[in-house]
Amino acid sequence: MITFRESSIGRRPLVLGAATLLVAALISPVRSARGEEALTFDGLYKSFGVRGLEFSDRLLSLKDSIVSMKGYMAPPLKAESHFFVLTREPMALCPFCQSDAEWPLDIVVIYLDGTAPLVSAGDPITVHGRLQVGSWTDPETGFVSQVRIVDAAFRRS
Amino acid sequence: MISRISALAAALMLSAAGTAFGQTIYPLDRAEILAGSQFDFKVEFPPVQDASAVSVTINGQDAKSVLTQPADFLPSEDGERSALWIRGATLAKPGKYVVEATVRGAEPVRVTWEVFATPARKAKNVILFIGDGMSVAHRTAARILSKGLKEGRYGGELAIDDMPYMALVSTSGTDSVVTDSANSMSAYTTGHKSCVNALGVYCAHNKNTLDHPKVETIAELVKRRSDMAVGVVTNTEIEDATPAGMVSHTRRRADYNDIVGMFYQVQPDVIMGGGSPNFLPKSTPGSKRTDDKDFLKQFQDAGYSFVTSNTELKAAVQPGHTAKKLLGLFNTGNMDGALDRRLLKKGSVDKFPDQPDLTDQVGAALDILSKRDKGFVLMVESGHIDKYSHVLDWERAIFDTIMLDNAVKLAKDFAAKKNDTLVIVVADHAHPVSIVGTYDDDRKGDTARDKLGVYDEAKFPNYPPADAEGYPTSVEVSRRLAFVFGAFPDHCDTIRPHTEGPNVPAVKGDDGKYIANEKNCSGPQAVRRTGNLPTNQPQDVHAADDVVLTAIGPGAEQFHGRIDNTRVFRYMANALGLAKP
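Line order of the protein sequences matches chains A and B.
If you read the first sequence in this note's numbering, its first letter stands for residue 1, the second for the next number, and so on.
If you read the second sequence in this note's numbering, its first letter stands for residue 1001, the second for the next number, and so on.
Chain A on its own, in the form it takes in the complex (with noise of 0.2 Å):
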């Protein structure tokens, strides 16, 4: 079982060479800028069915890697958090507040290297940190999850 706190000891800090990023840019077309791989709501899972869905190649051989990712902070329950919901599309509703609000299923969580404000759910934003995919259910909220970027940081994109 993949537990957050374990990886959380193994973070790794984010230092990258000119070399490593110019090298990084010429055989990965959806490598980024940083050297980071670009997930993409997309390309998180190969089927979507009731009984389940199935991780994507990518996603699986992403494993443990530094990605990053667009989409949009859903509402969290608190101002300011270490932990939110990544989602494809802007969520109206906070599933964390309203009891009729749910959440979809394609949602990522992401564990940030600190607390951080919360910014409005209309504007996009960049998530980067160290993807972990399995199921993994937060001690503090019970919240279960499939697939999370940890050790992140985020920007308004």
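Calculated directly from the structure, the hints in this document are not laboratory data.
There may be inaccurate statements among the hints.
[What the hints assert, rightly or not] Which stretches of chain A does chain B cover? Using the computed rule of at least three CB atoms under 8 Å from a CB of chain B, they are:
no., stretch
1, 38–51
2, 102–116
3, 141–148
[Said to hold, decoys possible] No more than 20 Å apart at the CA atoms, straight line, and that leaves these computed lysine to aspartate or glutamate pairs for EDC-like:
no., chain 1, residue 1, chain 2, residue 2
4, B, Lys1345, A, Asp138
5, B, Lys1293, A, Asp123
6, B, Lys1519, A, Asp123
7, A, Lys46, B, Asp1350
8, B, Lys1519, A, Glu89
9, B, Lys1282, A, Asp138
10, B, Lys1207, A, Glu140
11, B, Lys1519, B, Glu1500
12, B, Lys1459, B, Glu1151
13, B, Lys1282, A, Glu54
Computed from a prediction, not measured in an experiment: that's the story for all the values here.
Think of the CB as a built atom: it goes at the ideal place given N, C-alpha and C, for glycine as much as any other residue.
Since chain A is already given, all that's left is putting chain B on it; use the hints.
Positioned in the frame of chain A, the structure of chain B alone reads:
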């Protein structure tokens, strides 16, 4: 700060003790209880009391001797109060019951219940259709789009209108004038009022959402007391409030994983809707469970045929089939509405291209349930009339009103064969919606207000004639209904159908307040509307207006005038003679 709160709490507790004010008796005053139905009896005594200081009587006798179940006195429940529980109580004898709860030396708190018997059974089957949130304007718009309107006359009748009996139903719950789909459905399925977000319980003060005083649902009743079959059919997630209301007991409708367990416990013979992730163990990608229970396997082990598409559904009920129990889950989330499935192909139609229509679901349900010779209770919900109204997406709401009408027609045709089935069509609550004219692209001017024709200038909308299933073949016409919402967040109104996908009117801003979704703000006549709701509300809200009920079949004659929502349960119980052992 903490000490100030404690001091205040202590002062309040002292004053409560001094006046003996604050005992609460569940079921609440004026409850109507079906003779022989089960309920949890609870009395709360704030603050904490000694057992010897309290007494509870029913018609002057000790409560536990009347309710014939053991009593459990909790001196300190949640550390906040004392509580007397008598779980699974029944009252067999009809009549008036006066319940008194007394703390030594003070005036008693008193409630009165009516326990009602039922006449001889009139109906073999009951089919309860819920148009979630369906208000009068939805009904009118569905009639215009489906039947046409020329020179003030409609081109035909909707099946939901063409019923011999009609009543106005009031929907308020125990806590608020405005209800939600949980407590309103709970009133229909249990005959007891409840509070917002609650299903099959009275809302006591318990911290545990699953430990509030329970009342029996009609599905549990017929399963416990007869060999009748039960069906629960929806196009929302099966765990959503309306379908959950058939089987659930929770203070919090969002307890989806527990609700799946409650479906498994009651085992309705037919279960159909969306919402598969709460059936999958948490190790399966896409699961929303927090444990390792595999309910797809458990239901199949219990004899259910499991289907995931319309093709599989049709195969499961082809002539000569032997399916007695059916679980159909057709989407991971809510199933897509009729407008997306038929015309626009948005929502999740690309991921789930073979979802059944509500008519397919009802046809299959009737096929299975009608083979049970002791009769059945079937609940069918068209759930997105509400959900699309919340997001100010009226065309989608109206297509799902037409879909409800088609499903009702199917049920009426079934019922007409033997005249032994009571068919009821009702909303669970209203939305603040109205039709005020038409938006006409050919009117002079550039703004939304210029394009709005009212009174004689509205004329009639120019939707194309409906197809064989009663749906207009397009909603993108030059003169559209001006279908308006009376309560809304900040948003941009495009005065056009949302052909790009279901509408998202507002999003949460930096400061946590809901603001207009800018995606809607750039169309030709898009107009910014300043919200009239509190800024923490992201969408339209429910209205307290009464809703219309129509009915046909044995027992339908009970519905007339204005009734409370609890009477829908009572009249179904009367029709089925459910007080009889």
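Here's how the hints hold up against the structure:
1. Judged by the Cβ-Cβ criterion of 8 Å, the stretch 38–51 of chain A is covered by chain B as claimed, because 5 of its residues qualify and three suffice.
2. Beta-carbon proximity to chain B at under 8 Å applies to 4 residues in the stretch 102–116 of chain A; the threshold of 3 is reached and the given coverage holds.
3. Evaluation of the coverage hint for the stretch 141–148 of chain A: fulfilled, as 3 residues show C-beta separations to chain B shorter than 8 Å, against a requirement of three.
4. Distance restraint check for Lys1345 of chain B and Asp138 of chain A: the Cα-Cα separation of roughly 36 Å exceeds the 20 Å cut-off, and the hinted pair is therefore not satisfied.
5. With a CA separation close to 38 Å, the supplied pair Lys1293 of chain B and Asp123 of chain A exceeds the 20 Å bound.
6. In summary, the hint linking Lys1519 of chain B to Asp123 of chain A is supported, as the alpha carbons are separated by about 11 Å, within the 20 Å threshold.
7. Of the supplied pair hints, the one linking Lys46 of chain A and Asp1350 of chain B holds, its CA atoms being roughly 14 Å apart against a limit of 20 Å.
8. As the CA atoms of Lys1519 of chain B and Glu89 of chain A are separated by approximately 11 Å, the hinted pair is consistent with the 20 Å bound.
9. Of the pairs offered as hints, the one joining Lys1282 of chain B and Asp138 of chain A holds, with about 13 Å between alpha carbons and a cut-off of 20 Å not exceeded.
10. Distance hint between Lys1207 of chain B and Glu140 of chain A is fulfilled; the C-alpha atoms sit about 19 Å from each other, no more than 20 Å.
11. A hinted pair counts as satisfied when its Cα atoms are at most 20 Å apart, and Lys1519 of chain B with Glu1500 of chain B qualifies at roughly 11 Å.
12. A C-alpha spacing of about 9 Å is found between Lys1459 of chain B and Glu1151 of chain B, which places the hinted pair at or below 20 Å, so the restraint holds.
13. Of the pairs offered as hints, the one joining Lys1282 of chain B and Glu54 of chain A holds, with about 14 Å between alpha carbons and a cut-off of 20 Å not exceeded.
Hint violations for this structure: numbers 4 and 5, all remaining hints satisfied.
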